Amino acid sequence: MESSKILRVSLFVVLISLFFVSMAIAEKLEKRINFLDKVDKVDWYKVVGKKNVVIGWKGLPDNFYEWNQKAAINASKSSLYEVSVWSVRHRQKNWKPGQGGQICMTRAKYGRSDKTDCRKTKSRRR
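Per my numbering: the sequence shown ends with 126, consecutive numbering throughout.
Read the hints as simulated data drawn from the structure, not as lab findings. Given the structure is predicted, the values throughout are model-derived calculations rather than measurements. Treat the hints with care, as some may be off.
Claimed, not checked - Between beta-carbon pairs, the in silico distance windows are:
id, residue 1, residue 2, range
1, Tyr81, Leu15, 37 to 47 Å
2, Asn94, Glu30, 14 to 24 Å
3, Glu66, Ile16, 39 to 49 Å
4, Lys28, Glu2, 37 to 47 Å
5, Lys115, Pro61, 15 to 25 Å
Ideal Cβ positions, reconstructed from N, Cα and C, are used throughout, including at glycine.
Working from the sequences, and respecting the hints, build out all of it.
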């Protein structure tokens, strides 16, 4: 009886500490990608869980591919996980990873680009 109480309390303490650690990781991710506030066509962005960043784009800039790469690399530097950056249209505020309908997705791990389905756009000359 006594050992089961100790086990329950220990489990509770571990779960609480994991909660706070995951909150700290999400906060770090948000600080690493706050440069997106200054990007012209980014309407909003959010961190979903420990491994996902969703960016709402209002139009696509010429250097769209580079912004996704930079966001993925910066986010992965502050995380122990492979981080995925999902680009969606600005109207898709309630969108969650895995729902489909995204513009593209970029992954990075340990500060290095891993894989992407974003396409580089050719600069337009006039």
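Comparing the hints with the structure gives:
Distance hint for Tyr81 and Leu15: a CB-CB separation of about 19 Å, inconsistent with the stated range 37 to 47 Å. Taking 14 to 24 Å as the suggested C-beta distance range, the pair Asn94 and Glu30 conforms, at roughly 19 Å. Distance hint check for Glu66 and Ile16: the Cβ-Cβ separation is about 40 Å, which falls inside the suggested range of 39 to 49 Å. A C-beta distance of roughly 39 Å is found between Lys28 and Glu2, which places it inside the suggested range of 37 to 47 Å.
In this structure, Lys115 and Pro61 meet the distance hint of 15 to 25 Å, their C-beta atoms being roughly 22 Å apart.
In the structure shown, a violation is registered for the earlier hint numbered 1 alone.
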